Amino acid sequence: MTSARTNAQIAESLATLTHLMAREVEIIFEAMECANENKLALGTYMLREEANQWWKNAKLRIGNGGVVITWEMFKREFFNKYFPADVKNKKVVEFMRLEQGNMSVAEYAAKFESLCAFSPHYNTPEAENDKCVKFESGLRPDIKHIIGFAEIRNFTTLVAKARICDEDGKAKSNYFKAVRGKSQDRAKPYEVKGRGSARSGKGKEKVDGDKCYRCGKIGHRSFECKKDKDVCYSCGKEGHKSKECKATTPTCFNCGEEGHKSPECKKPKKVTGKVFALNGEGADQVDNLIRGTCFIHDTPLIAIIDTGATHSFISMDCMKRLNIPVYEMSGCMNIETPASGSVVTRLVCRNCPVSVFGRHFGMDLVCIPLSGIDVIFGMNWLVFNQVHINCCEKTVIFPKSERSLSLMNGEEVKESLNDHGELFMVFGSLNLEGGIKLEELPVVSEFSDVFPEDISDLPPEREVEFGIDLVPGTSPISMAPYRMSASELNELKKQLEELLEKKFIRPSVSPWGAPVLLVKKKEGSMRLCIDYRQLNKATIKNKYPLPRIDDLMDQLVGACVFSKIDLRSGYHQIRVKTEDVPKTAFRTRYGHYEYTVMPFGVTNAPGVFMEYMNRIFHSFLDKFVVVFIDDILVYSKSGAIRSYYDSKSGEEHKEHLRIVLQVLKEKKLYAKLSKCEFWLEEVSFLGHVISSGGIAVDPAKVDAVMKWGTLESVVEIRSFLGLAGYYRRFIEGFSKMALPLTLLTRKDQAFVWDEKCEKSFQELKEKLTTAPMLILPDAKDGWRLLHMWLVHDQ
1 MTSARTNAQI
11 AESLATLTHL
21 MAREVEIIFE
31 AMECANENKL
41 ALGTYMLREE
51 ANQWWKNAKL
61 RIGNGGVVIT
71 WEMFKREFFN
81 KYFPADVKNK
91 KVVEFMRLEQ
101 GNMSVAEYAA
111 KFESLCAFSP
121 HYNTPEAEND
131 KCVKFESGLR
141 PDIKHIIGFA
151 EIRNFTTLVA
161 KARICDEDGK
171 AKSNYFKAVR
181 GKSQDRAKPY
191 EVKGRGSARS
201 GKGKEKVDGD
211 KCYRCGKIGH
221 RSFECKKDKD
231 VCYSCGKEGH
241 KSKECKATTP
251 TCFNCGEEGH
261 KSPECKKPKK
271 VTGKVFALNG
281 EGADQVDNLI
291 RGTCFIHDTP
301 LIAIIDTGAT
311 HSFISMDCMK
321 RLNIPVYEMS
331 GCMNIETPAS
341 GSVVTRLVCR
351 NCPVSVFGRH
361 FGMDLVCIPL
371 SGIDVIFGMN
381 WLVFNQVHIN
391 CCEKTVIFPK
401 SERSLSLMNG
411 EEVKESLNDH
421 GELFMVFGSL
431 NLEGGIKLEE
441 LPVVSEFSDV
451 FPEDISDLPP
461 EREVEFGIDL
471 VPGTSPISMA
481 PYRMSASELN
491 ELKKQLEELL
501 EKKFIRPSVS
511 PWGAPVLLVK
521 KKEGSMRLCI
531 DYRQLNKATI
541 KNKYPLPRID
551 DLMDQLVGAC
561 VFSKIDLRSG
571 YHQIRVKTED
581 VPKTAFRTRY
591 GHYEYTVMPF
601 GVTNAPGVFM
611 EYMNRIFHSF
621 LDKFVVVFID
631 DILVYSKSGA
641 IRSYYDSKSG
651 EEHKEHLRIV
661 LQVLKEKKLY
671 AKLSKCEFWL
681 EEVSFLGHVI
691 SSGGIAVDPA
701 KVDAVMKWGT
711 LESVVEIRSF
721 LGLAGYYRRF
731 IEGFSKMALP
741 LTLLTRKDQA
751 FVWDEKCEKS
761 FQELKEKLTT
771 APMLILPDAK
781 DGWRLLHMWL
791 VHDQ
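Numbering (the working numbering), first residue to last: 1 to 794.
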């Protein structure tokens with residue numbers, strides 16, 4: 001573990017030096033007024049040993065096709081090698097979390113400037129205000145309190161003022177320390193120099209010069225005075241001490257009321273609590289505290305798990321901010337902390353709804369003043385819920401739930417009902433047909449690497465990357481997040497954590513920002529979608545063509561064996577160009593993030609992915625493979641199969657399938673086994689059912705048309721004609737049949753749904769359900785034109 005940590009530190013130091021080296025070289029370029037064509041030669045001249053050898057190999061690879069290598073191209077390759085994205089992300093996160101702490105303002109400003117270089121947004125003149133706000137937010141409270149009122153938005157001035165405040169504070173502190181030290185060094189009023197030896201011996205020798213300030217006699221000191229009369233410091237009278245004085249009313253230290261003392265108090269005794277730290281700064285300095293996020297009323301809060309805390313606590317500010325009901329305890333609680341002394345409280349939030357780590361609890365949270373922390377989970381919560389802590393990895397482990405569901409059959413339901421009872425029933429279905437296992441599929445079983453359970457890391461660098469070319473003059477676009485329900489926020493948080501773990505997204509400081517929304521899938525789960533509509537409007541459209549469905553179908557003439565492969569998260573298997581990553585940024589309630597892989601919903605994404613698929617399958621297209629974006633169909637025209645368990649059947653298809661899977665394995669493209677189908681004589685592909693007999697309409701797609709109700713607007717007519725028009729080749733005279741509906745979509749046409757429209761609507765639905773199977777034409781036999789009509793408008 002130590003070795004791994006050391007290697008990570010070395011890698012991070014090397015990456016930092018790489019960034020500094022590139023920056024220093026560009027400063028030299030600027031000072032020398034170096035021309036662009038000379039920058040590469042001058043910059044690479046400074047490379048030594050291993051870096052020099054790496055560049056020689058990289059130069060051969062980049063310039064293989066006669067490409068002119070520029071300084072920017074070198075810098076991109078250089079950063080990919082020695083300044084990887086994960087190290088840059090760490091620097092960005094470190095910058096966003098930077099606080100002054102125990103540093104002086106000068107040290108804090110120096111570290112702020114060095115980390116600011118990794119966040120390009122803060123290095124522009126337009127971001128001067130944001131830079132000042134970020135710097136000010138990290139200052140210590142005592143300095144921030146003074147600086148904040150001035151609202152300084154010039155960074156140089158802000159740093160100078162903060163340094164003056166810091167130096168003034170230090171000077172004041174040193175002054176009071178000096179004054180306090182002098183007072184402690186003063187000699188005792190009745191200690192005489194030179195008499196130490198006379199009083200250091202065994203026994204106590206009286207000194208004639210000593211005078212008692214209590215009785216006024218010479219020969220003894222006041223603390224040795226044997227005067228028998230005591231003086232009460234409460235009432236000033238002699239004869240008793242202050243603790244025996246009856247003139248004053250005693251005060252109870254337990255309940256705080258007068259008239260009795262704490263041993264005589266009949267109220268519940270004061271409870272003693274313990275917590276390690278009352279502020280986030282103290283918590284950050286301790287390794288045995290686990291930080292995390294919890295939710296109260298769907299609001300994310302900063303929380304720590306403190307095994308040294310006897311109870312669970314909530315900050316006063318958080319309680320007031322969320323308007324949580326608060327109650328008084330029957331007695332006081334005294335909370336002790338080694339860093340901040342003790343705090344006394346009587347307030348508690350009872351049965352507060354807290355969600356943490358995806359679980360929900362009703363907790364009693366004691367209210368105390370906390371700074372930088374919202375909630376502390378103490379030992380009472382850990383013990384009650386039987387929570388285990390892995391101290392090495394700082395992870396929390398919950399016991400498995402032992403709750404079970406009690407199901408009733410139909411007879412039991414009837415018996416449990418009465419005449420006036422209410423019944424709530426949940427209907428479910430079970431799919432008892434187990435899917436074919438990977439090991440049982442010929443050829444496919446040889447490529448288990450192509451069918452992982454999930455993709456857990458970034459895709460490799462490919463020859464095709466996704467770029468976003470903007471219309472000249474476009475400025476960054478940022479929109480406010482959309483409102484979401486509590487359940488949607490929980491799902492959003494879960495999906496963000498999964499994407500972060502896979503490194504598909506990373507924290508962002510980009511000035512761009514698109515809102516997010518969740519869309520329900522067919523099976524009921526939610527899909528995270530980014531609303532890139534404004535970005536798409538400002539993007540120059542890619543002209544790369546997508547294949548026509550008709551052309552793909554024409555290639556399947558004579559095919560009798562099919563296998564369909566659906567890539568897993570296809571778009572996420574292509575990286576985004578480094579310079580275009582900030583443009584993919586999106587805003588959520590839980591932070592600002594950006595995609596490192598090609599996201600869904602951006603324009604040009606289908607064309608880029610189609611281009612890459614055509615490149616890798618170029619030699620096999622229209623021979624035994626057709627590809628439409630992330631859907632791959634492998635077909636063979638001989639060797640009809642009897643069963644895929646029969647090793648002698650479909651030999652040609654085995655070879656074709658092996659070639660395709662080998663390409664996917666070499667290119668590290670992954671497929672989703674549950675959506676793939678192999679060794680079929682009839683397959684559903686792109687809304688059509690394909691077999692050796694020809695192509696037909698997919699019944700599952702036709703169902704959507706049949707369930708369509710009466711059309712009530714132009715928008716609905718266009719949607720219906722768009723879906724029905726997808727199968728127009730199956731319906732003879734489709735244009736003439738759909739003419740009444742088409743006329744209603746014209747701008748100058750009033751929307752009047754008459755009998756002709758209803759007849760057209762019903763005929764189209766009927767024709768789709770009775771559409772014939774079309775035989776695929778074989779171009780080898782040639783074509784013969786039988787008739788051709790010219791139609792003139794009357």
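Treat the hints as calculated values from the structure; they're not laboratory data. Check before you lean on any hint, since a few could be wrong.
As the list claims (entries may be wrong) - Result set (DSSO-like, lysine-lysine): computed pairs, CA atoms no more than 30 Å apart in a straight line:
id: 1; residue 1: 623; residue 2: 637
id: 2; residue 1: 90; residue 2: 172
id: 3; residue 1: 672; residue 2: 493
id: 4; residue 1: 503; residue 2: 394
id: 5; residue 1: 75; residue 2: 437
id: 6; residue 1: 522; residue 2: 494
id: 7; residue 1: 759; residue 2: 747
id: 8; residue 1: 521; residue 2: 437
id: 9; residue 1: 747; residue 2: 522
id: 10; residue 1: 75; residue 2: 88
id: 11; residue 1: 172; residue 2: 217
id: 12; residue 1: 493; residue 2: 543
id: 13; residue 1: 437; residue 2: 320
id: 14; residue 1: 707; residue 2: 623
id: 15; residue 1: 665; residue 2: 503
id: 16; residue 1: 503; residue 2: 493
id: 17; residue 1: 91; residue 2: 172
id: 18; residue 1: 672; residue 2: 521
id: 19; residue 1: 564; residue 2: 134
id: 20; residue 1: 493; residue 2: 747
id: 21; residue 1: 736; residue 2: 759
id: 22; residue 1: 564; residue 2: 503
id: 23; residue 1: 668; residue 2: 90
id: 24; residue 1: 111; residue 2: 577
id: 25; residue 1: 502; residue 2: 668
id: 26; residue 1: 668; residue 2: 493
id: 27; residue 1: 675; residue 2: 707
id: 28; residue 1: 494; residue 2: 59
id: 29; residue 1: 56; residue 2: 39
id: 30; residue 1: 437; residue 2: 564
id: 31; residue 1: 665; residue 2: 637
id: 32; residue 1: 747; residue 2: 707
id: 33; residue 1: 493; residue 2: 217
id: 34; residue 1: 564; residue 2: 493
id: 35; residue 1: 111; residue 2: 90
id: 36; residue 1: 111; residue 2: 494
id: 37; residue 1: 90; residue 2: 736
id: 38; residue 1: 736; residue 2: 767
id: 39; residue 1: 577; residue 2: 543
id: 40; residue 1: 522; residue 2: 144
Keep in mind it's a predicted model, so treat the numbers as computed, not measured.
Okay, the hints, checked on the actual structure:
no.: 1; hint: 623 <-> 637; in the structure: 10 Å, holds
no.: 2; hint: 90 <-> 172; in the structure: 37 Å, violated
no.: 3; hint: 672 <-> 493; in the structure: 24 Å, holds
no.: 4; hint: 503 <-> 394; in the structure: 21 Å, holds
no.: 5; hint: 75 <-> 437; in the structure: 47 Å, violated
no.: 6; hint: 522 <-> 494; in the structure: 20 Å, holds
no.: 7; hint: 759 <-> 747; in the structure: 22 Å, holds
no.: 8; hint: 521 <-> 437; in the structure: 25 Å, holds
no.: 9; hint: 747 <-> 522; in the structure: 35 Å, violated
no.: 10; hint: 75 <-> 88; in the structure: 15 Å, holds
no.: 11; hint: 172 <-> 217; in the structure: 46 Å, violated
no.: 12; hint: 493 <-> 543; in the structure: 36 Å, violated
no.: 13; hint: 437 <-> 320; in the structure: 56 Å, violated
no.: 14; hint: 707 <-> 623; in the structure: 39 Å, violated
no.: 15; hint: 665 <-> 503; in the structure: 21 Å, holds
no.: 16; hint: 503 <-> 493; in the structure: 15 Å, holds
no.: 17; hint: 91 <-> 172; in the structure: 35 Å, violated
no.: 18; hint: 672 <-> 521; in the structure: 16 Å, holds
no.: 19; hint: 564 <-> 134; in the structure: 52 Å, violated
no.: 20; hint: 493 <-> 747; in the structure: 45 Å, violated
no.: 21; hint: 736 <-> 759; in the structure: 12 Å, holds
no.: 22; hint: 564 <-> 503; in the structure: 29 Å, holds
no.: 23; hint: 668 <-> 90; in the structure: 27 Å, holds
no.: 24; hint: 111 <-> 577; in the structure: 29 Å, holds
no.: 25; hint: 502 <-> 668; in the structure: 16 Å, holds
no.: 26; hint: 668 <-> 493; in the structure: 29 Å, holds
no.: 27; hint: 675 <-> 707; in the structure: 26 Å, holds
no.: 28; hint: 494 <-> 59; in the structure: 43 Å, violated
no.: 29; hint: 56 <-> 39; in the structure: 17 Å, holds
no.: 30; hint: 437 <-> 564; in the structure: 16 Å, holds
no.: 31; hint: 665 <-> 637; in the structure: 25 Å, holds
no.: 32; hint: 747 <-> 707; in the structure: 27 Å, holds
no.: 33; hint: 493 <-> 217; in the structure: 82 Å, violated
no.: 34; hint: 564 <-> 493; in the structure: 34 Å, violated
no.: 35; hint: 111 <-> 90; in the structure: 15 Å, holds
no.: 36; hint: 111 <-> 494; in the structure: 34 Å, violated
no.: 37; hint: 90 <-> 736; in the structure: 63 Å, violated
no.: 38; hint: 736 <-> 767; in the structure: 13 Å, holds
no.: 39; hint: 577 <-> 543; in the structure: 19 Å, holds
no.: 40; hint: 522 <-> 144; in the structure: 52 Å, violated
Comparing the model with each numbered hint stated earlier shows that hints 2, 5, 9, 11, 12, 13, 14, 17, 19, 20, 28, 33, 34, 36, 37 and 40 do not hold.
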